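Using the sequences and the accompanying hints, generate a full structural model.
There are 2 protein chains.
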Amino acid sequence: MRRFGQALGIRTECIDVYRQHHAKIWPEIERAIRDSGIRNYSIFLRGDQLFGYYEYHGPDDEFDTRMDTLANAPRMREWWDVMEAMQIPDPARTPGSWWSDMEEVFHQD
Amino acid sequence: MRRFGQALGIRTECIDVYRQHHAKIWPEIERAIRDSGIRNYSIFLRGDQLFGYYEYHGPDDEFDTRMDTLANAPRMREWWDVMEAMQIPDPARTPGSWWSDMEEVFHQD
Chain A
1343 MRRFGQALGI
1353 RTECIDVYRQ
1363 HHAKIWPEIE
1373 RAIRDSGIRN
1383 YSIFLRGDQL
1393 FGYYEYHGPD
1403 DEFDTRMDTL
1413 ANAPRMREWW
1423 DVMEAMQIPD
1433 PARTPGSWWS
1443 DMEEVFHQD
Chain B
1343 MRRFGQALGI
1353 RTECIDVYRQ
1363 HHAKIWPEIE
1373 RAIRDSGIRN
1383 YSIFLRGDQL
1393 FGYYEYHGPD
1403 DEFDTRMDTL
1413 ANAPRMREWW
1423 DVMEAMQIPD
1433 PARTPGSWWS
1443 DMEEVFHQD
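Keeping their order, the protein sequence lines are chains A and B.
One rule links them: number in the numbering used here = place in the first sequence (from 1) + 1342.
One rule links them: number in the numbering used here = place in the second sequence (from 1) + 1342.
For the record, the hints were derived by calculation from the structure and aren't laboratory data.
Just to be clear, a hint being listed does not mean it is correct.
Unchecked claim - Using C-beta positions, here's what the derived DEER-type ranges look like:
1. 1423(A) to 1404(B): 43 to 49 Å
2. 1397(A) to 1416(B): 20 to 26 Å
3. 1410(B) to 1423(A): 43 to 49 Å
4. 1437(B) to 1436(A): 23 to 29 Å
5. 1416(A) to 1423(B): 36 to 42 Å
6. 1446(A) to 1446(B): 17 to 23 Å
7. 1365(B) to 1366(A): 38 to 44 Å
8. 1427(B) to 1369(A): 47 to 53 Å
9. 1370(B) to 1403(A): 23 to 29 Å
10. 1438(A) to 1440(B): 34 to 40 Å
To be verified - Pulled a few chain A residues facing chain B out of the computed Cβ check, cut under 7 Å:
11. 1349
12. 1384
13. 1387
14. 1440
15. 1444
To be verified - The calculated EDC-like cross-link candidates involving lysine to aspartate or glutamate, where the alpha carbons are at most 16 Å apart (straight line), are:
16. 1366(B) to 1420(A)
17. 1366(B) to 1446(A)
18. 1366(A) to 1446(B)
19. 1366(A) to 1370(B)
Predicted model, so just to flag it, every value in this text is computed and none were measured.
We put the beta carbon where it would ideally sit given N, CA and C, even for glycine.
So, in structure tokens, the structure goes:
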């Protein structure tokens, strides 16, 4: 299992709409996330900061392929367009990414 | 089960020492966390920001008591003194807390 922690900014004027979208995400997106092997996915908010936590429970050697399939799932680009208009990515993020991966400095099962 | 997402600042000059402490936390602290019912506890770092994620798997009506026991566990105050000297709490946090609770805006099992 691989754990991920990711950070992203949000436009404070968009928070209500962002909350509403995430209270009931589109069924296509929910299914695509599930099919990818991602589990226990939470997004937390404080001020203008989002934090995402999720776990990848699929086979290790399928990770890249599954993330590719997820990115190309039905309506995913449309979902991201709606989300990205509300978010403020870190200019120093990894090229090609949107959320910024954080470093895991501690873990206890 | 209750999930928690928490934010806290860190003094960038202390990051190496913070990492070292968390690569192998004191056995008393590890045990106290386990005894409290906290599971799947991760701390992530990016820049001067820490994000903590953990789950409380104990009985709901024992939560307050167990968190109290955790706070008073052997060497906990000593551990916190070492940690807090490296951290920068949000001035707008809840009185009596150190980490700032974030709002869960999304979850998918």
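Taking the hints in turn, this is what the structure says about them:
| no. | hint | verdict |
| --- | --- | --- |
| 1 | 1423(A) to 1404(B): 43 to 49 Å | 45 Å, holds |
| 2 | 1397(A) to 1416(B): 20 to 26 Å | 32 Å, violated |
| 3 | 1410(B) to 1423(A): 43 to 49 Å | 47 Å, holds |
| 4 | 1437(B) to 1436(A): 23 to 29 Å | 38 Å, violated |
| 5 | 1416(A) to 1423(B): 36 to 42 Å | 53 Å, violated |
| 6 | 1446(A) to 1446(B): 17 to 23 Å | 20 Å, holds |
| 7 | 1365(B) to 1366(A): 38 to 44 Å | 40 Å, holds |
| 8 | 1427(B) to 1369(A): 47 to 53 Å | 48 Å, holds |
| 9 | 1370(B) to 1403(A): 23 to 29 Å | 39 Å, violated |
| 10 | 1438(A) to 1440(B): 34 to 40 Å | 36 Å, holds |
| 11 | 1349 | 5 Å, holds |
| 12 | 1384 | 5 Å, holds |
| 13 | 1387 | 5 Å, holds |
| 14 | 1440 | 14 Å, violated |
| 15 | 1444 | 4 Å, holds |
| 16 | 1366(B) to 1420(A) | 44 Å, violated |
| 17 | 1366(B) to 1446(A) | 13 Å, holds |
| 18 | 1366(A) to 1446(B) | 13 Å, holds |
| 19 | 1366(A) to 1370(B) | 42 Å, violated |
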